[in-house]
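What follows is the residue order along each chain.
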Amino acid sequence: MFRPKKPSLPLEPDPAFPIVVEGLTKKFGNFVAVDNVSFNVQPGEVFGWLGPNGAGKTTTIRMLLGLLKPTSGKLRVLGYDPVMQTKAMQARVGYMSQLFTLYEDLTALENIRFYGKVYGLTRDALRQRQGEIIRMAGLEGREHSLTSTLSGGWKQRLALGCAIVHNPRVVFLDEPTAGVDPISRRDFWGLIYSMAKKGMTVLVTTHYMDEAELCQRVGFISQGRVVALDTPERLKQTQMRGQVLEITTADPDRALQVLKTAQAGDAPGGKIPFDEVALYGSQIHAVVPDANKYRRPVHQLLVNAGIPVQSVEWIAPSLEDVFISAVKTEDS
Amino acid sequence: MDAGLTISTHDLVKRFKSGSSAVTAVDHIHLEVRRGETFGLIGPDGAGKSTTTRVILGLLRRDEGQSSVLGFDSMHSPYQIREQVGYIAQQFALPADLTVMENMRLFANLHNISSTDQKKRIPELLKFAGLNEFTSRLADRLSGGMKKKLALACSLVHEPQVVILDEPTLGVDPVSRREFWNLLGHLRLEKGLTIFICTPYMDEAERCTRVGLIYKGQLIANDTPEAIKTLVPGRLLEFTPSKFVPARNLVSSMEGVLEVQTYGAMLHLFVDNISLRKRQIEAAMNSNGITSSGMREIQPRMEEAYISLVTRQEAANHV
Numbered sequence: 158m159f160r161p162k163k164p165s166l167p168l169e170p171d172p173a174f175p176i177v178v179e180g181l182t183k184k185f186g187n188f189v190a191v192d193n194v195s196f197n198v199q200p201g202e203v204f205g206w207l208g209p210n211g212a213g214k215t216t217t218i219r220m221l222l223g224l225l226k227p228t229s230g231k232l233r234v235l236g237y238d239p240v241m242q243t244k245a246m247q248a249r250v251g252y253m254s255q256l257f258t259l260y261e262d263l264t265a266l267e268n269i270r271f272y273g274k275v276y277g278l279t280r281d282a283l284r285q286r287q288g289e290i291i292r293m294a295g296l297e298g299r300e301h302s303l304t305s306t307l308s309g310g311w312k313q314r315l316a317l318g319c320a321i322v323h324n325p326r327v328v329f330l331d332e333p334t335a336g337v338d339p340i341s342r343r344d345f346w347g348l349i350y351s352m353a354k355k356g357m358t359v360l361v362t363t364h365y366m367d368e369a370e371l372c373q374r375v376g377f378i379s380q381g382r383v384v385a386l387d388t389p390e391r392l393k394q395t396q397m398r399g400q401v402l403e404i405t406t407a408d409p410d411r412a413l414q415v416l417k418t419a420q421a422g423d424a425p426g427g428k429i430p431f432d433e434v435a436l437y438g439s440q441i442h443a444v445v446p447d448a449n450k451y452r453r454p455v456h457q458l459l460v461n462a463g464i465p466v467q468s469v470e471w472i473a474p475s476l477e478d479v480f481i482s483a484v485k486t487e488d489s
Numbered sequence: 002m003d004a005g006l007t008i009s010t011h012d013l014v015k016r017f018k019s020g021s022s023a024v025t026a027v028d029h030i031h032l033e034v035r036r037g038e039t040f041g042l043i044g045p046d047g048a049g050k051s052t053t054t055r056v057i058l059g060l061l062r063r064d065e066g067q068s069s070v071l072g073f074d075s076m077h078s079p080y081q082i083r084e085q086v087g088y089i090a091q092q093f094a095l096p097a098d099l100t101v102m103e104n105m106r107l108f109a110n111l112h113n114i115s116s117t118d119q120k121k122r123i124p125e126l127l128k129f130a131g132l133n134e135f136t137s138r139l140a141d142r143l144s145g146g147m148k149k150k151l152a153l154a155c156s157l158v159h160e161p162q163v164v165i166l167d168e169p170t171l172g173v174d175p176v177s178r179r180e181f182w183n184l185l186g187h188l189r190l191e192k193g194l195t196i197f198i199c200t201p202y203m204d205e206a207e208r209c210t211r212v213g214l215i216y217k218g219q220l221i222a223n224d225t226p227e228a229i230k231t232l233v234p235g236r237l238l239e240f241t242p243s244k245f246v247p248a249r250n251l252v253s254s255m256e257g258v259l260e261v262q263t264y265g266a267m268l269h270l271f272v273d274n275i276s277l278r279k280r281q282i283e284a285a286m287n288s289n290g291i292t293s294s295g296m297r298e299i300q301p302r303m304e305e306a307y308i309s310l311v312t313r314q315e316a317a318n319h320v
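Residue numbers (my numbering), protein chains in the order written: chain A, 158 to 489; chain B, 2 to 320.
If you are wondering where the hints come from, they were derived from the structure by calculation, not from laboratory data.
Bear in mind that the values here come from a model prediction, so they are computed numbers and not experimental data.
Please note that the accuracy of each hint is not assured.
To be verified - Lysine-lysine pairs mimicking DSS-like chemistry, simulated, CA-CA at most 25 Å apart:
hint, chain 1, residue 1, chain 2, residue 2
1, A, K355, B, K244
2, B, K244, A, K354
3, B, K121, B, K192
Stated by the list, open to error - Counterexamples of contact, computed for chain A against chain B with all Cβ distances above 12 Å:
hint, residue
4, I218
5, T243
6, A282
7, I429
Unchecked claim - Label-pair restraints from in silico Cβ distances:
hint, chain 1, residue 1, chain 2, residue 2, range
8, A, E261, B, S144, 29 to 37 Å
9, A, W471, B, R16, 51 to 59 Å
10, B, K192, A, F185, 35 to 43 Å
11, B, R16, A, T405, 40 to 48 Å
Note that the Cβ used here is the ideal one computed from N, Cα and C, for glycine as well.
Chain B extracted, bound-state conformation (with noise of 0.2 Å):
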């Protein structure tokens, strides 16, 4: 086995039967994952990002191809990657009626953790967390942020060299949200942690090494976010134009805009030359009578090179 190899899944398939007819949840996945990575699975509800993350924790069957963790086959040796690997689950809540440290306790005793290293551990993790002033605090009294920093501290009481989080700052306000980033540069940083996430967010998609685009079980692209950001043809414009609907109607169509995005109540417009099509486009609502405030060029971020992404697979699946 290739020593840097942390996780690894080939022509990985899952599906569910639903009814008479089954549905393919994950389809024929390939994925690496190397040690000191942060890879991050991105995708909408109900793409086979949890589904995937829980075939290769063993927690779920496959029905084709291969997966594992750490060298462990998924299927075959479910407790050895148990062993190695920290784990939070989507929407997993803290029994609300133990503290803090009782919390600790809890988990360090189902793995089994001698109480001298309990008890060096987990003032280690708590101090580290930001949690060590509220050790006494019962788990429902924490904020959305602490609570989440939590089951991190948790889910690394049994040293694992790989941790998997499913959608950790769901439902997290911004300012919890940085922390808790701030905490997993420092994990990889300081003690070489493997980390693979899921996330709905695409601000935290550019804060992974590695980004997986998963869409309808099949993942569409896999890279950096800078190479992803790549894909997107053309350059991006940016604008808010006084009728939206017969402005988005008319640009469309127009030569040299290669993709029309709309934003709230502004448009953005992927073109093959941003001088001259500005001007283009400027003429050609004038003339229709609408006005544009505020139109420039804007670096495409994550989220636009997703929903170009997506947008295309969409397009080549109704081919």
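Here chain A stands alone, though its shape is the one from the complex (with noise of 0.2 Å):
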């Protein structure tokens, strides 16, 4: 009898790159929601994938785990193609979201269970494993507490410990701190790189720039876009467009009200090329093309506006000024 034979599959048991992006395009009618995006992912690296709201982030995801198709151009997770060989590749992969799916009328250990009879453990596998997660998530003497009843950091804690119940080699964390207190985000921040350090390689989404400091290495997409592809310190030095001057002052509000009109050029001392003007906590970051030159004349303007000045200094950009610079670029 005749059999349609099956396309043999190649399969790259231990490629060089667990994450391989090549011209990656999604469209949604007219709408260029990925637009030719390509990048790498090294073996046990923590991948940053950052941008603003509806730039393309999870649709990428979504993407690399094989639940959309994409429009034209390659991916491969660990050396498989999601497309076509997306059970296989599903199996070897741990995703958490920033919902937490959890079910929250079972306990700790219930779910854990749950997600690992999901992924065909064997008894004895899963048994070894629930230990494993109860203890490296911190859960130890919650084991049999009602799910509902934890709080933010533990949930978020539990859902990561689900998402890598079967070992997966890669795991894709979607801006898994959103909401979640400043304690909890540093224990999971610590998870992240003891399993890292294990090998395991972590592509994960934030919205906290601090946590995207900590990423070994970050890719910017805006609107669709790469615009910016590195680790944070490279970024630094290559992406601004400009030098930082930072400015304390006791009234930062209205400081920023006359840095904006000076950089319109109405103020009465002339226009100060301003690249950005931003209030940074409690303090303001000025973008301006030489900061050694800038630096008196700003100081001076505020002074005469009446506005107490504690300091105005140059320093090295934050990770949040690349990305405002780099966001900016890509709008105008």
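From the two separate chains plus the hints, produce the assembled complex.
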């Protein structure tokens, strides 16, 4: 009897890059959500995938997970093609969304066991793994608590535990720390690093720029396109179109107004070519072409406007400065 | 009444029954927010931020103590409070199938704003929020940041003196968060608006004129961000050790190390003397075969202060 021959699928058990994205494009009708995106992630790397809301971050992850078909481009996850070899790929990756898809009316342990069975772990393997997960997530003593009674940080670590119950070699974390308190966020990043040390490859999205600083490499996506891709340190050196002045003042709101007026050229002292002026915590970050040249004029401008200024200092840019600069460049 | 006082609570208590026991969600909280302040209520999920907010607004009954807004008691005059206060509830969603303009009109009508006033105020607010070019767009079609700005504009349509915002920027990207805070800064300056905001973002806490840290229903600090940062003892040393766990265990027991915090693959140590302890730590790690990179002093931020205060509170509760 004639059987259609299954296409022979080349399995690459140990590819150089666990995640490969080449020329990836996704269109929804006329809207280009992801536009010719390329990047690779190395084994054991913690890779940050960053961008404004609606920039295409989650759409990229959905395609990597084989949940959405690309319009064009090439994808490989652990050597598998997420479109053609969805099942084989999905069995080897973990995914945690910001919604913490846990069953609220099951206990912590029952959630882990449920996910373990979904991933087809044997009884013995599951018994060993559930202990490991409980310890890793610091859930000792909470095994039998109903998930609905756990606080945000516990739930978050439980959700991560469930996402990696099958020991995946790649894990995708989509805004895993949204709305979680700082202590839990730190514990969580401790977990991410201990997983990466054991060789797990991590792709993570976040809106917290201090977390982005913790990634070994980051990609910025804006309006579907990659606008920057490098280590946080290198991005700070290469991506800024200017130098950052940090202004400390008792009245940042009013200082900001004065600086914005000078940016528009309406100030008595003339125009100052700020690339960006924005509040940063309780301070102001102003991006100028030449920090040494503009430090004194900026100070003088504020003093003349009757604003008490503690200091105007030239500082190294933060990743948030880079992010805003990169996204703005893309907009204009 | 003190004319400058906008929001105040004294010994405020709110309990929730849970089966046969009761949970104290708000535990004897004292707060005073003055006119023109931007007050941030900061704390983890479940600390009591939203409950405190709802009791102040008169949406929940208090069990003990006092709470009032602009001199109106939360329990006795909730309607007067609602007329004077703009409120964005947590996870608040605008009707998605109404346009930007229809949403504004809906809120204006709910507050019985005359159509003459609406014609004047609504374009002003939309221009202010940067939404004047999107009046006919469905709310559902706005970006995350624009939705939050529209919610803010809607909450201001009855020209309140106070706005109470419960996690208004949750899940919003850094650029949009900055824009939202710039709007709040303008409002405070130009309209003298008093702002009461709950947020989990520590960098936003730095933008408040005063901050209350709430933990397990109790207010554990209440001061300016600068003053709160000085509550942390010692100076802050940052480095990346080659072996994380052994390094953490080693430095935790060293003399002069007041507190150890982890930061991704890095360690943050509060020490009593930077140059002395830096040398000693490097030497101790060296003799244990641990190398380190990027060791330097950094300025503590709100986040380090928060972690330190909560950790100490936790330890005090266990004594």
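Please confirm whether A/A282 is truly not at the interface, meaning its C-beta sits more than 12 Å away from all C-beta atoms of chain B.
-> 26 Å, holds
Does the structure keep A/K355 and B/K244 at a Cα separation of 25 Å or less?
-> This hinted pair holds, its Cα atoms lying about 13 Å apart.
Quick one: are B/K192 and A/F185 within 35 to 43 Å, going by C-beta?
-> 41 Å, holds
So does B/R16 sit 40 to 48 Å from A/T405, Cβ to Cβ?
-> 43 Å, holds
Assess, step by step, whether the Cα of B/K121 is no farther than 25 Å from the Cα of B/K192, and give holds or violated.
-> Holds - the C-alpha atoms of B/K192 and B/K121 are around 16 Å apart, at most 25 Å.
Within 25 Å, alpha carbon to alpha carbon, are B/K244 and A/K354?
-> OK: B/K244 and A/K354 at ~10 Å, within 25 Å.
Claimed clearance of chain B by A/I218, with the beta carbon kept past 12 Å | 16 Å, holds
Are all beta-carbon distances from A/I429 to chain B longer than 12 Å?
-> 18 Å, holds
Does A/T243 sit more than 12 Å from chain B, CB to CB?
-> The claim holds: A/T243 sits with its nearest Cβ about 29 Å from chain B, beyond 12 Å.
Is 51 to 59 Å a correct range for the gap between the Cβ atoms of A/W471 and B/R16?
-> 53 Å, holds
Using the C-beta atoms of A/E261 and B/S144, is the stated range 29 to 37 Å upheld?
-> Holds: the Cβ-Cβ distance is about 30 Å, inside 29 to 37 Å.
Against the hints set out earlier in the document, no violation occurs for any number.
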